[in-house]
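J.: Generate the whole structure from the sequences, applying the supplied hints.
Taken in sequence, the protein lines are chains E and Y. With the numbering used here as the guide, the letters of the first sequence map in order to residues 1 to 319. With the numbering used here as the guide, the letters of the second sequence map in order to residues 320 to 615.
The set of hints was computed from the structure by calculation and includes no laboratory data. Ideal placement from N, C-alpha and C gives every residue a C-beta, glycine not left out. There's no promise every hint is true.
[Claimed, not checked] Facing chain E, from chain Y, some residues (calculated, C-beta under 7 angstroms):
| no. | residue |
| --- | --- |
| 1 | 412 |
| 2 | 413 |
| 3 | 578 |
[As the list claims (entries may be wrong)] Derived DEER-like restraints, expressed as beta-carbon distance ranges:
| no. | chain 1 | residue 1 | chain 2 | residue 2 | range |
| --- | --- | --- | --- | --- | --- |
| 4 | E | 47 | Y | 382 | 53 to 59 angstroms |
| 5 | Y | 521 | E | 25 | 58 to 64 angstroms |
| 6 | Y | 522 | E | 75 | 44 to 50 angstroms |
| 7 | Y | 520 | E | 133 | 53 to 59 angstroms |
| 8 | E | 68 | Y | 574 | 17 to 23 angstroms |
| 9 | Y | 419 | E | 48 | 27 to 33 angstroms |
| 10 | E | 25 | Y | 565 | 40 to 46 angstroms |
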Amino acid sequence: MRPVLAAVATSTALACAAAVAACGFGAGPASTGTATLTVTRDYGSGTLLEARDENPPESETVIRFLDNEADITTRYGGGFVQSIDGISGTGTGGTSDWFFYVNGVESPVGSADVRVKGGDRIWWDYRNWTAATSVPKVVGSWPEPFAQSSVEAPKPVRVVCLGVHSACELTADRLVGAGVEARVEDAPVSGANPGSAMRLLVGPWTRVRTDTAVDELRDSPQRTGVFATFKGPTHSGWQLIGLDVSAHPARDFGSGGGLVAALGGADEPPTWIVTGSGGTAVRRAADALDIRSLRNRYAVAATRHGAVPLPIVQRGEGR
Amino acid sequence: MRSPIAYRPRRTPLAQAGAFAASVYLTSLAVVAFVCSNPIVLAGAGLGVVVAGLAAKAGRALAASARWGFSLGVFIVLVNGLVAQRGDTVIVYGLWLPLLGHTDVSAEALAEGGVLALRILVVMMAFAVHAASVDPDRVLRMLRPLARRSALTATLIARLVPLAAADYVRLGEAAALRGPAAAPVGRAALARRLVAGSLDRAVDVAATLELRGYAHGPPRSARGGPRPRYVARFIVVGIAIGALAVGARIAGVGAYDSYPTVDVATSMPTLLLAAAVPVLAGLPFATATGGWRRRG
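T.: Structure, rendered in structure tokens:
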């Protein structure tokens, strides 16, 4: 055999061996647990579909899960979902599209490339992205991302207590109640998050805002994806302002309003903030850490009347 | 050697129907393939093309295009199977490939590729029959009112490319005739001579066109030619096939979906649609049989 042919044959054989090394016939072994799928529109204000997948196999992907439950159309070779049950993204020049989150984290890759494991929470939302092209983290999959039900080697979860200890304890209790091992730390905020731990920063806004990730909240939602801001300080403290889908101030929650929001860039571990102007507001925010208040929400403002979803979506808005 | 899909004058109803009628008729079969995704209907359209090709005595063109279409189809099925990541029935999971990364192969993705391949096969066969049965000069003449310059360009290409190929062979033979002691002539040198010769010829062609008054339109004698026959029946059948396919699509007949599981409509209207296409395709030949066979 000629040397060139021999080299080609050897390379082909090696490539084939590499290709089949980690693959198998059929759908693959099943993971344990139940994956859930939620389809909403307008920042979670309307639920269109809910489904469950018991013990999904190795080959299950987000697009396959969705395809089984809804009528979808795709673009760009099938990796980008264009429409779900007839609700279509507006494409080039439009302002609304479908986005999906896996365990509260916006996926940086297409839905065909994301494997679904037991315990995963998949959330598709059809929203106007004019004011926030990307919302990298959301609170709507609570207790994910902290529960890490589908992860073999869970990352540590830290409750960083920056004041209002009763709220810190309540936060830790809610996490433990959701099956999350979390430890409360009375550590000062040092700026950046050391290591890859997931954090919940609990405390008054004056302390919480000194964190590098949180400091960006003073900018528009375009940077943080959080449709809220604190104004002040005034004589009564920091005023929590809820923004609408166009990032305009829509509701003043006053100094008694607490905020639960998720922050962190695409490549950073999630950092949640449980904060408010004073002790009452922080406790209200901590009290909102449950499925009923957070389910399918991007962020919430905690008031004495209950949790208010953020952004503020008026009827017919957000499209 | 002549290409199997090259035009050869034949005394068949399709050849005698003229460029316009034959184009309408054969394009309608391609329209079925573009409009319908149901493999049963596509098979019917394929059968219709085979009927038309055999009746038009274009069996070689059919066979050649079927071979090419099949090879291309196998490639399409493989690529779609690897690229399309939808479908419930996963056959192979976690296959790692360069550029694609981890990929799954599902039966539905292969089926979707098969439908695409079948569609392309039908279209290729329809146009192969067209190329073999319809005089290309008449097709270009038909298009001249729509795109005069493009028609001229296509006509020149149709003439000059075969000439350039023949020139290349002649130049190669001339180089070989210089004897074994002569220095070998490389391909670059041959290509250079070929380009120079082509440019000379292009200037000659342009001068001839100008001298013969191409810009003034065709001479009266060129407007005639043999009077086409069977025009109406091929046009009517072509329009009927096209309308049937579009109407069926609008009415939801012959539905097909690959994902999440393959769903092929096998209802009576679908089967009738699939059967109607080859029957209609054979109709103009059947009604013309008596006359053209006796004369042929």
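J.: Checking against the hints above, which ones are violated?
T.: none
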